[in-house]
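Student: This is what each chain is made of:
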Amino acid sequence: MCFLLRRLGHAAFLLLGVSVLAFAFSTLAPGNYFDEMRLNPQISAERLSALRADYQVDRPMAVRYGRWAVALLHGDLGFSFAYNTPVAPLLWTRARNTLLLTGTATALVWMLALPLGVWSAERRGRPADVALSWATAVLLIVPDLALALGLLVLAVRSGWLPTGGMVSVGFDGFSTGKKIRDVALHLVLPVTVLVASALPVLLRHVRAAVAEALEASFLRAAEGHGISRRRSLYRYALPAAAHPLIALFGFSLGTLLSGSLLVEVVMSWPGLGPFLLEAILARDLYVVIGGVLLSTLFLVAGNFAADLLLYWADPRIREEAPER
Amino acid sequence: MEPMIRVENLVKRYAGRGLGRRAAAFTAVDSVSFSILPGSTLALVGESGSGKSSVGLCLACLERLTSGQIWFDGHDVATLAERELRAVRPRLQMVFQDPATSLNPRWTVREIVAEPLLVQGRVANRERGVHAAQVLERVRLGAEYLERRPAELSGGQRQRVAIARALILEPKLLILDEVLSALDCSIQAQIANLLVELQRALGLAYLFITHDLKMAAHLADEIAVMSRGKIVEQGAAEEILRDARHAEMQNLLGATLVEREVIAVVRER
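These protein sequence lines are chains A and B, in that order. Under our numbering, the first residue of the first sequence is numbered 28, with each subsequent residue one higher. Under our numbering, the first residue of the second sequence is numbered 17, with each subsequent residue one higher.
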């Protein structure tokens, strides 16, 4: 229990730190949203200073951080300069789209990596395993961006798959079945890129962890007692290999919001990626900070979930935690 | 007396691994033959890399041999299928060198020691704990150790747990692969004495694999010296120790004890 409380404390501290840093960096960067307006002859100097006062960009940073943090405690992420609406609903719509994309990709990656990794670890050193590690090495070398662009070219040439966005024109008029099909089709390309970029790393980790566990002589001993191959793989070796895998799983949960930004921009997926890029370029302060904070929240929550899983999976942590 | 186990012309060759590297096969054990009588100990002595551990793994049916026969319990176990081996395995158990890795670190001593019973599906759930406590008693560990995990035990205690785990299936032959070499000197002696005591009480046969001639001299009735996969010398322990002709023996003696000590060891027996 102590273990979990301590981890929760870490998480809170981390979030606080990130919020301060995100706020500081985006405020200290030269220029702000209203600077460009000075060049616009249609906006008068008085109007501009009224706007600046309105949005309080001329107050000292500490004051603004304090007001922002207090508002945050009430669930208010601030106000977008560009959209002229509260940040939270804006972020939420985009985050939902991102989660749909990354959730699908992450689930798929794990469903592929676990059985393939165990399979390959069991055959370590044999031709099938060697071939698989060459394949992952090749996949690892190809940059995500090149892969994304290549797939886009293929999609354009063949015309089989939509090349951008999340829905087709006239989506609102579709029946439910057709809507699902449409979104699924739009998902294919970005999900493929995300899976292809995450799979080799994950697969190698699973393989390495299971292979190491398979070398442990307690498995040899169990073999000597007459255990079956299948049971030794999934009931003995996999739990022994679970430590690094659970940490990785937490990490992949954590990157659900931040792991696909580039792919989203390239594939014009209406998620956080293009939205944040736009906000950064326009210095839409609170949108940027909100986005960073939300991503961090996911990262921290993912790691915390991993800690919970470890606590549940490893009796040693459960029992020794109070002393450590 | 009928031997407990008889090994004839055991050969173990490891294939080179990986694509296109098939050619680099390595012969770890080259035509090794020996037998062990019930209740007696054969020490298999040799430097690391001499193939003695491979012999142990083959005998424990953890590695398939390349050729040769292993006669045990009226079968040539080398020819048995995995399903038939399951019935033979309980009578032929192995204890590994390093108890830090041969015990599952996540389990309690109770789970570790009772696991073979679970795997063999022998004893009802509730009675397994009782069996575990009994066999712990045999290796001089109290029932208070049942709920501990390997990390909470000393090296000697862990090796006792490993021995208990091997004993719970009531084997006739124990393959002891360097079981003393991961332990401190004083603990080595304790475990060695425990092994002698267990052998007397249970009539076990031991294959004692070691690079330590002194321990071999202390425990073995017979000694076989291995070098580069072959047995280069074999015979009653006293004789082998008295006339250490072979260069391999000289090496091992140089590594473990000086000549005067050998004589002392021989006299003790």
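None of these hints come from the bench; they were simulated from the model. We put the beta carbon where it would ideally sit given N, CA and C, even for glycine. Hints may contain errors.
[What the hints assert, rightly or not] The following label-pair restraints were derived from C-beta to C-beta distances:
hint : chain 1 : residue 1 : chain 2 : residue 2 : range
1    : A       : Pro342    : B       : Asp200    : 54 to 62 angstroms
2    : A       : Arg257    : B       : Glu24     : 32 to 40 angstroms
3    : B       : Ala252    : A       : Ser255    : 24 to 32 angstroms
4    : A       : Arg257    : B       : Cys201    : 51 to 59 angstroms
5    : A       : Ser255    : B       : Asp200    : 33 to 41 angstroms
6    : A       : Arg345    : B       : Ser51     : 26 to 34 angstroms
7    : A       : Asp171    : B       : Thr43     : 44 to 52 angstroms
8    : A       : Asp171    : B       : Asp89     : 56 to 64 angstroms
[To be verified] Okay, the calculated bits of chain A under chain B, using three or more residues with CB under 8 angstroms as the criterion:
hint : stretch
9    : 178-190
10   : 202-211
11   : 312-318
12   : 338-344
[Said to hold, decoys possible] Here are a few chain B residues that sit away from chain A, every Cβ distance over 12 angstroms (derived from the structure):
hint : residue
13   : Ser47
14   : Thr82
15   : Glu127
16   : Pro187
17   : Ser202
18   : Arg216
Student: Each hint needs a verdict: does it hold in this structure or not?
Tutor: Hint by hint, here is what the structure shows:
no., hint, verdict
1, A/Pro342 <-> B/Asp200: 54 to 62 angstroms, "violated, 28 angstroms"
2, A/Arg257 <-> B/Glu24: 32 to 40 angstroms, "holds, 33 angstroms"
3, B/Ala252 <-> A/Ser255: 24 to 32 angstroms, "violated, 42 angstroms"
4, A/Arg257 <-> B/Cys201: 51 to 59 angstroms, "violated, 43 angstroms"
5, A/Ser255 <-> B/Asp200: 33 to 41 angstroms, "holds, 37 angstroms"
6, A/Arg345 <-> B/Ser51: 26 to 34 angstroms, "violated, 49 angstroms"
7, A/Asp171 <-> B/Thr43: 44 to 52 angstroms, "holds, 48 angstroms"
8, A/Asp171 <-> B/Asp89: 56 to 64 angstroms, "holds, 60 angstroms"
9, 178-190, "violated (count 0)"
10, 202-211, "violated (count 0)"
11, 312-318, "violated (count 0)"
12, 338-344, "holds (count 3)"
13, Ser47, "holds, 25 angstroms"
14, Thr82, "holds, 18 angstroms"
15, Glu127, "violated, 10 angstroms"
16, Pro187, "violated, 10 angstroms"
17, Ser202, "holds, 24 angstroms"
18, Arg216, "holds, 24 angstroms"
Violation of the numbered hints given earlier is confined to hints 1, 3, 4, 6, 9, 10, 11, 15 and 16; the remaining hints are satisfied by the structure.
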